[in-house]
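Undergrad: In case you want the letters, here they are:
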Amino acid sequence: MNAQKHTLTAESQDFLDNLRLYLFSSGKKDEEVKEIVEELEDHLIEAEKRGKSVSHIIGHSPKAYMEQLSSEMSFDFKWLSYLPIIVLGVFAYVLLGDSIRGGVQYTLLQVIGYPAVCIILVLFYLRMFKFLASTKLSKTKTIITTLILGILPILFFLGLMFANDMYKTSVVIKLGATGNIIAALLAIAIFIGIALWSKTWFTIVIPAMIFLPEFLISLTSFDKETKAILTISALFVTLIIYNVYTFKKAKKENRI
Amino acid sequence: MSNTQMLKGILDGCLLAIINEGEVYGYELAEKLESYGFQQTSEGTIYPLLIRMQKEKLVTTTLKKSTAGPRRKYYSLTPKGEEELQAFIERWNQLSHSVEHILQKRGSGE
Chain A
1 MNAQKHTLTA ESQDFLDNLR LYLFSSGKKD EEVKEIVEEL EDHLIEAEKR
51 GKSVSHIIGH SPKAYMEQLS SEMSFDFKWL SYLPIIVLGV FAYVLLGDSI
101 RGGVQYTLLQ VIGYPAVCII LVLFYLRMFK FLASTKLSKT KTIITTLILG
151 ILPILFFLGL MFANDMYKTS VVIKLGATGN IIAALLAIAI FIGIALWSKT
201 WFTIVIPAMI FLPEFLISLT SFDKETKAIL TISALFVTLI IYNVYTFKKA
251 KKENRI
Chain B
1 MSNTQMLKGI LDGCLLAIIN EGEVYGYELA EKLESYGFQQ TSEGTIYPLL
51 IRMQKEKLVT TTLKKSTAGP RRKYYSLTPK GEEELQAFIE RWNQLSHSVE
101 HILQKRGSGE
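Protein sequences, first through last, are from chains A and B. For what it's worth, this note's numbering labels the leading residue of the first sequence as 1, then goes sequentially. For what it's worth, this note's numbering labels the leading residue of the second sequence as 1, then goes sequentially.
Treat the hints with caution; some may be incorrect.
To be verified - Here are the simulated DMTMM-like pairs of lysine to aspartate or glutamate, each with C-alpha atoms no more than 20 Å apart in a straight line:
1. B:K73 to A:D98
2. B:K55 to A:E31
3. B:K73 to A:D165
4. A:K52 to A:E41
5. B:K57 to A:E35
6. B:K64 to B:D12
In case anyone wonders, no lab produced these hints; they're calculated from the structure. Small disclaimer: the values here were computed from a predicted structure and weren't measured.
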């Protein structure tokens, strides 16, 4: 846009890209990341005009410099609010899996347990966000807290599963053919909803990759064993295709 | 103690002093620092310090358009920053006085 705009050397541009990624994956606030990257870009442009090298600016270890910057920047707790959405996604995932396998069937314990677990988790997360946003924790404590927050849903759902096996409560929901189709549609609607909300495709792409082959294979007339083998191989193939695709896409975007 | 370690605490005060001379942006600040003889540190060292000083409300920033590239961030001192600068100057005078005293005594052979 600007005719006078100086183009940075590849080395400088690389450093800026890496810095952005490093700070982003450290969960730093978007606005702060943008500001410091812009500021360093300006600095590098000025320095390069005068023939200085990148190492003159950032020292000999880009990583050490990134760590220095990162340690002064604040952590953005906004992204943790995605976790409840992930819980909803997991629920849709369970529902879709069960309905394709033709057996949405929940006991009293599950009917009460699933929503209860979801509500407990959401309330707990909200409290934790508030606590974390107002308290300055050390790096180790932040990592431990984040890990616990991440593992908690799995523990809850596993607990519910074991409890369901231990205490045989009566089956209260058992969907027939139509019910299963509705359940599947509901799950798909949740996936699409999350995709629209997050403006990403992955909640559509990933379930589709996992369930679509399984669904198509279940329609065929192969015997059970062949179906199982086909399902697992299809999963691997789609995962590989997806990885190659995203890798190539990421590479292409970086080039521009 | 290495040179860089010794510099760390002092650099904060020097940045405050340079910003006190008038609004500056990052590159200009690094250049001024260098022109005063701080050549050992890499230029980028100032940015983590500036981020912290901004958090501690010692400096404020304004964004201005520049002709050459992205928007430019200009730094100026807040009243709190001016206070901190005065405190630094006092601390520094005391310290340099003591150090000089010791070194001179040693130098004269007693």
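Undergrad: All hints, please: hold or fail.
TA: So, going through the hints one by one against the coordinates:
For a cut-off of 20 Å, the pair hint linking K73 of chain B to D98 of chain A is broken: about 56 Å separates their Cα positions. For the hint linking K55 of chain B to E31 of chain A, the alpha-carbon distance of about 14 Å falls within 20 Å, and the restraint holds. Distance check on the hinted pair: K73 of chain B and D165 of chain A sit about 62 Å apart at the alpha-carbon level, beyond 20 Å; violated. For the given pair, K52 of chain A sits about 14 Å from E41 of chain A by alpha-carbon distance, which is consistent with the 20 Å threshold.
Proximity of K57 of chain B to E35 of chain A is assessed by CA-CA distance (about 17 Å); at most 20 Å being required, the pair is judged to hold. Between K64 of chain B and D12 of chain B the CA atoms are separated by roughly 24 Å; this puts the pair beyond 20 Å, and the hint is violated.
Going through the hint list in order, the structure does not satisfy hints 1, 3 and 6.
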